[in-house]
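Number of protein chains: 2
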Amino acid sequence: MDNREEVTTFELAIVVPKREEKDENPRDDCVECFVRELMKVGLIVEIVQGISDEFIKLAAPLETLGRAAAELQIMKLTHIGVDLRFDWDQEPAFVRQPDGSLFSWCERFCCFQHLIYRIVNRTESVITLTVGSIKYQWEPNESLLEMMKSEGIVKQVFPLHDEAKRKLLLRNWALNLLDFTWQPIDDIHSYFGTKIATYFAFLGMYTRWLFFPAAFGLVLQMIDLGAWQILVLPLFFVFIISWAVFFFQFWKRKNSALLARWGINYSMSLVPGCKPSGADISSLPESHMEPESKMVTRRPLEKDKSLQRDEWLGLLQKIRNTAVVVLGIICLQLPFELVYAHLYEISESDAVKYALTVLYLLSIQYYTKIGGKVSVTLIKYEHDKGEESSADSLVYKVFGLYFMQSYIGLFYHALMHRNFTTLRQILIQRLIVSQVLENLLENTLPYLKYSYKKFRAVLQRKHEKGSSLRKSIRLGSRVEKEYLKPSYTASIGDEFEDGLFDDFLELALQFGMSTMFACAFPLVFCFVALNNITEIRADALKLLVMLRRPVPRASASIGAWLNIFQFLIVMSICTNCTLLVCLYDQEGKWKIEPGLKAILIIEHVLLLVKFGFSHFVPEEPAWVRANREKNVAQAQDICSKQLLSSISSFKARKVD
Amino acid sequence: MDNREEVTTFELAIVVPKREEKDENPRDDCVECFVRELMKVGLIVEIVQGISDEFIKLAAPLETLGRAAAELQIMKLTHIGVDLRFDWDQEPAFVRQPDGSLFSWCERFCCFQHLIYRIVNRTESVITLTVGSIKYQWEPNESLLEMMKSEGIVKQVFPLHDEAKRKLLLRNWALNLLDFTWQPIDDIHSYFGTKIATYFAFLGMYTRWLFFPAAFGLVLQMIDLGAWQILVLPLFFVFIISWAVFFFQFWKRKNSALLARWGINYSMSLVPGCKPSGADISSLPESHMEPESKMVTRRPLEKDKSLQRDEWLGLLQKIRNTAVVVLGIICLQLPFELVYAHLYEISESDAVKYALTVLYLLSIQYYTKIGGKVSVTLIKYEHDKGEESSADSLVYKVFGLYFMQSYIGLFYHALMHRNFTTLRQILIQRLIVSQVLENLLENTLPYLKYSYKKFRAVLQRKHEKGSSLRKSIRLGSRVEKEYLKPSYTASIGDEFEDGLFDDFLELALQFGMSTMFACAFPLVFCFVALNNITEIRADALKLLVMLRRPVPRASASIGAWLNIFQFLIVMSICTNCTLLVCLYDQEGKWKIEPGLKAILIIEHVLLLVKFGFSHFVPEEPAWVRANREKNVAQAQDICSKQLLSSISSFKARKVD
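For the protein sequence lines, the chains are A and B, in the order given. Last residue of the first sequence: 665 in this note's numbering, with the numbers rising by one and none dropped. Last residue of the second sequence: 665 in this note's numbering, with the numbers rising by one and none dropped.
Incorrect hints may have been included.
Stated by the list, open to error - Chain B is nowhere near these chain A residues, computed Cβ spacing over 10 angstroms in every case:
1) E41
2) A79
3) D96
4) Y126
5) V129
6) D233
7) P243
8) L322
9) Q326
10) V361
11) Y405
12) K471
13) E515
14) I542
15) L550
Stated by the list, open to error - Chain B regions said to be covered by chain A (calculated; three or more residues, Cβ under 8 angstroms):
16) 491-503
17) 530-537
To be clear, the hints were calculated from the coordinates, so they are not data collected in a lab. Bear in mind that the values here come from a model prediction, so they are computed numbers and not experimental data. From the three backbone atoms N, C-alpha and C, an ideal C-beta is built for every residue, glycine too.
Next up, chain A with everything else stripped away, as it sits in the complex (with noise of 0.2 angstroms):
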């Protein structure tokens, strides 16, 4: 049908140690028997000798992942715009990708797993398998890869890198200096799926959208208005806010076309099409039949009741859970914040103030390490409906600790102290150094963990050959290049998400530290902006060239970033009002007596709480919406088939 889908482009590889070259009984060994076994399930597999290990690589015929795209009942969308069970047979019935393909890079994705893991004891028996002269007990209904990799005996599984694609994205894109914010979005889609592509997407509009407060900026600082001068930062600052409220909004809206583009439905992501275990798909056919009678007499019955008491327990943990993590962050992270702002601000040497600053980043370093370890055991406790409303948990808790870390002590400068001075060059060292720094760092630590275990493996070769071989043993393959290459993974751990959230906590950080103190420093933008502008670049070099291929990730937004960005627009309303306050008040004759800060404060945090709750307790009831699910799931599964015929029939009709 297409011809990109002929070409065997290997996608996976499994990484096994080397084995001796003569095996005494080779249908026992384990490798060997499972590279069988996937060729039976009808991948095509190729076998690279590398230095100290073996690589599987891994291909799929375009029927092999249909037919494994059908077993996992993937939600696809059709020509009609509704999304259906996939079935193989039926195949011109759904959209293909822009780029021709069947199927997405995360549906491939899916259904490689799904091959691989596939792959269980079928006989009555246990089955006894070799490495070298180490037996294995291969239980009947075990998975394979399980066994061995819970054995050690498989090290890793990972996504590799497609050469063609890769080149080409990366002189159209990565080395593409002279468009400024333009990224081909969509082979970016086809090649890191939804929610790299996601991110690339919202960092070129927003840097795109930065280009009108930096040139604002820019004009501020360079023109002298003498006498109204005194309105300028105000303008400014509503300038800055309906500038921001502005781009989420677009930004809202452009999300939205996107997926129309990518033909992902909306509504319909609630089923989510990408699990690779099989117990809710073996679970269906009993399921299917009880709730009908329930529908009859259409009244919260028993189960219901469960869901709502379900609902309001997991509220509950959520409420303690966050009580936990706020009350982590002000009982132990404020105070030792303040002492470090208090202790920068009276030291008179440059010499302490640099003492300070490296014993503060050390003992933060651990202290973030700790939250996010914290994060993460609270989050396994909490019932989350999937993958990603876990990640968004963890993506709120953790923000809360570098929000924190990142801005109390410019509040302290600029509020207690009214030092305008430490809180610009403050700001400077933070944006331009930090962020130069990280780019830098972001792209060449890789590079030296690749480099430091690409020295390893050689000398460990090396060692093991003994000195009869002389001549310099280099990395022949790419596919142990890769290996070798370290994957996109968080820093706060890898168990919710993967490297985005350090790319998302980037930006995020600097929107709010370029807007929260616009009003102290207006030429901040011009200084994100540039930055942003070589971010695109960096971020993309180091997907293409620093890093393993990440694994692809099927959810389509930004996520709980859009809220946090929204809470950051709030904060700096209030931060910049207090900054015009201290700016202007500079002989003190605007004393706020004790009261009227009391109530000003209250009516500052009710109208947080007011604008916060929505976000606590979901509109509809857990078991409306779980009535809803079962209904459409129910409905799917009995028409699909006649759906599905009557479609292709009436393309069939077309075409004639």
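Dock chain B against the given chain A, drawing on the hints supplied.
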């Protein structure tokens, strides 16, 4: 299937003038012809002679309704949880109402409308019909009822009360005074339709929740805490705001639970099921073939572009209209209100105050009428998507008027003069006196109108018959009595809204009055709670006894009013803060300097913009939504038949 369906309850009445007893040519008589056509359609017709009019009462067997519903392609919830086009042959596939009937009152009304307006001249030539001695031309393809309406032969078409159900509701609901806030919501839903039932569900829940602040307010009034008294008002303020936030969040949950109970699929409600015109049905077959080719290319093509342009044009129009309304309110109404409040403040004798109030009330009446008319005219120029959207737009505009009218005087007394005695006086006056009076008027005015109309009809008849008949003429038939009752219309005109507008307006103004000035007068919540308990019964009585049965509306949320209530909460955070400042700042020590004042004003305006903006620009571009809707419609079109038969057979298998 169901016994209740087989009793013929007449649900619609058409009023025509009384004919002379002997007509020379009954075949040409317009009314005769109409009645014949009605019977041909399958309706059960009964003609009742009134004093000066003749009433054609209509009932429909279930099958007639079913076939009409199938022709109208009403979307209806099926047992598998998705909405599908109604099909009379597959009737068991559709979910029945909680009371066991197949169609809801709203659907039945739609079908009736369709049946009676569908009677067109199917011949090629003009048919001449007579009424008395006047001849009328019935053009080919013209609706007979439309013609008769425009010629004045049909005076009115209105829904009839169902005596059995009405009496039951009267006993269980309106006169059931022992249960303060409990209401038979399901029965109300099946008798009055979704929109009115939603209103009463909201009113009941609101009244139930009001008991908390009422109790708190009462306790505050009765107990003196001595030195702690100063902390009590801020505490009350925080409590009220949290209460309001919680209440509306839980109302949203309750609303979606109600929707689930009544079998309304909210996500599908963008395909309105109830459209009296057949225009969009006849255009379906064409629109059905062409969009397919577009979907494959997947670019925002010409049509998307024009949709985008339309969206922005519509937005600009909306902004212009809003600007007109806001300017009108600020430039015309605000000075007027301030003059009145000022004169009231400085006038010393009570007589002058009363005279002023009378003058004010008279002029405000006119102003509101004009405002309503202007709003309706403005809305007609907006390209809104359907009836309910226009109604919402009207609600926002007219509420602006009433907001200014109701609160500006209160603000003036509270903030300008810090005159809390006058403020409390006006609050009591508005809340208690005016609401009690309004409740009385609401119920007596319709009765007086009805009595007057009855009296006039009898008088006219007597006059016509001369003094030959001395015995008193009485209204014999129930249908004539209902005809003379006033209908449930809004005070601002009946084009987009019905009487619910006035009822919701009363609630919203009351809510604003009590929460915005909560700190000035905590006891107010007691009065509000008492008032609402009577309001429930008074409104029930009004609907059941005083008025004609209202035309049912399909909308299933409180619509624009929810946003208005949310806005009032934000407003009340600000006003209560100001009140607290005024209350505690008797010595004027907490002077806010102009600079700080300006900054605080900027902050609050920006906060409002931040949270108001999302109501202006929808999150989803119009073209994305249009595509989705088109796709869904198409899907339903193709697959309805297959889906239905499979669901039916599925159901049948289950029954065996």
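We went through each hint and held it up to the structure:
no., hint, in the structure
1, E41, "46 angstroms, holds"
2, A79, "20 angstroms, holds"
3, D96, "15 angstroms, holds"
4, Y126, "32 angstroms, holds"
5, V129, "33 angstroms, holds"
6, D233, "21 angstroms, holds"
7, P243, "6 angstroms, violated"
8, L322, "16 angstroms, holds"
9, Q326, "19 angstroms, holds"
10, V361, "37 angstroms, holds"
11, Y405, "19 angstroms, holds"
12, K471, "54 angstroms, holds"
13, E515, "24 angstroms, holds"
14, I542, "27 angstroms, holds"
15, L550, "30 angstroms, holds"
16, 491-503, "violated (count 0)"
17, 530-537, "violated (count 0)"
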